[in-house]
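Number of protein chains: 2
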Amino acid sequence: MSARAARAAIAALSEGAELRTWSLIVTVFGDMARAPGAEVPGPVLSALTRAIGIRPEAMRVALHRLRKDGWIASRRAGRVSHYFLTDAGRAQSDTATARIFARHPPAAQSWHVAIAGPQNPPARLALDGAMAAGYVTLAPGAWLGAGPAPETLDPGLFVLDGTTLRLPGWLSEALMPPALTQAYGEFDIVLARVAALLAGGFDSLSPTDRTAIRVLLVHRWRRLVLRHADLPDRFFAADWPGVRVRDRVHSLLDRLGHPSLADVADAIPA
Amino acid sequence: MSARAARAAIAALSEGAELRTWSLIVTVFGDMARAPGAEVPGPVLSALTRAIGIRPEAMRVALHRLRKDGWIASRRAGRVSHYFLTDAGRAQSDTATARIFARHPPAAQSWHVAIAGPQNPPARLALDGAMAAGYVTLAPGAWLGAGPAPETLDPGLFVLDGTTLRLPGWLSEALMPPALTQAYGEFDIVLARVAALLAGGFDSLSPTDRTAIRVLLVHRWRRLVLRHADLPDRFFAADWPGVRVRDRVHSLLDRLGHPSLADVADAIPA
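Heads up: the sequence lines are chains B and R, in that order. For the first sequence, counting from 1, position 194 maps to 194 in our numbering; every step adds exactly one. For any residue, its number in our numbering is found by taking its place in the second sequence, counting from 1, and adding 1000.
Everything labelled a hint here was simulated from the structure, so no lab data went into it. If you're wondering where the values come from, they're calculated on a predicted model, not measured in any experiment. Here a beta-carbon is modelled for each residue, glycine too, at the ideal position from N, C-alpha and C. Treat the hints with care, since some could be wrong.
[Unchecked claim] Per the computed footprint, the stretches of chain R lying under chain B, defined by three or more beta-carbons under 8 Å from a beta-carbon of chain B, are:
1) 1113-1119
2) 1142-1149
3) 1165-1178
Using the sequences and the hints, build the whole thing.
See the structure below:
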């Protein structure tokens, strides 16, 4: 009964989601083996991807690509390969993970606005590039950053440090375009279905199914959350479904629990 | 001796200053007769303009123009005309006077930045018009205002209220263009000369000369100070001579004292 519910939940989470195998495997490492020294044995990876419905050839191709790109490395112990994140892969995973698993949006206590003066196009282009990370673009040449302005900020910028914001509708729309709001709405419906499918059956899920569902949940959540700036909820429209989606994701993850690699390994039929 | 020093000081303050008679008369009213009910008798006005070197015909033309424009009105008492500011003239004079006679620049404790969203050209034009009064333009569609943002501010604007500013060089240059900085520098030299000419002779100046010099000082100072935004000194370049000019103006005004209309009237030869 519970295995069938798991299959249905996995199908609901996979349906129309354009899952890329290499990207899913990145999620597996991010959720299961981010600690330095952690390794995922090949059979565990196979069991998880099989549960998700990924063909063995697709997994092999994805692992090859991730090794080539320097995300993961592997070592053989007897007949079993063990896979682990490289330092570069772990650094990227850590950055994303902080946002993905945050139960609450950032609660910035202060902000700064930075404004560029008249510039020639190459200088503006370079500045736009430098401000792309960590800043919200308010208008061409005008940015909003969290916290007080860092000492390292370009000294050619006008800066006001402050605490009180007024957020007009055009900014919410620019930060959260309609297509992304719609994607949140669609995921909201999927999450409600998954919660209904698993209701009452959480305790009897196998560690592998539990982990496969976790990985799909985290994966789809990640693909929404990393597509927009990390800002307090009030930056977005009042009818934005993101707050509810975040609550549903965390509620499901809490109820699924977090099986260890050993839990999954032990549950694999010999 | 002192009358000759006064003539020289008046010449120094008039030289190359493009003084317009109607504008000088506005300054006379602003400095001498701003209080409701205050009237300047024709003979006093004649004595002052004569001391400054204005021909009687030029004064008559200017008074005609100021009456026509609604700045001043007059009444006759016997053979003497008495001139006074209209309510509209007094309101304009009061606004300018606050800045002209301020011994210190404004000391804003807080600021707000307002930023417009994407707009069609007519809407932007209207907004530019509305923000022209009281705001510094930081960039197209981005303004800086003193104090916290008023409740009445256009709700379509993004706003950050704050206290700490970083002021880059391009902003100082935009706020205080080179030509205006040069004009301050030239006035600085004139003021040094006037102070030297009058040194030791302040006490023996006649009320009319004293007032004529005051009027010229205030007039030329007004023409500098009202050509740029009213901002704390640190908005301008470190080598801006405006701080020294302000100190010199106030030092001279303090030493000249402030003769009343009656003082000037009493000193006119019968």
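We went through each hint and held it up to the structure:
| no. | hint | verdict |
| --- | --- | --- |
| 1 | 1113-1119 | holds (count 5) |
| 2 | 1142-1149 | holds (count 4) |
| 3 | 1165-1178 | holds (count 8) |
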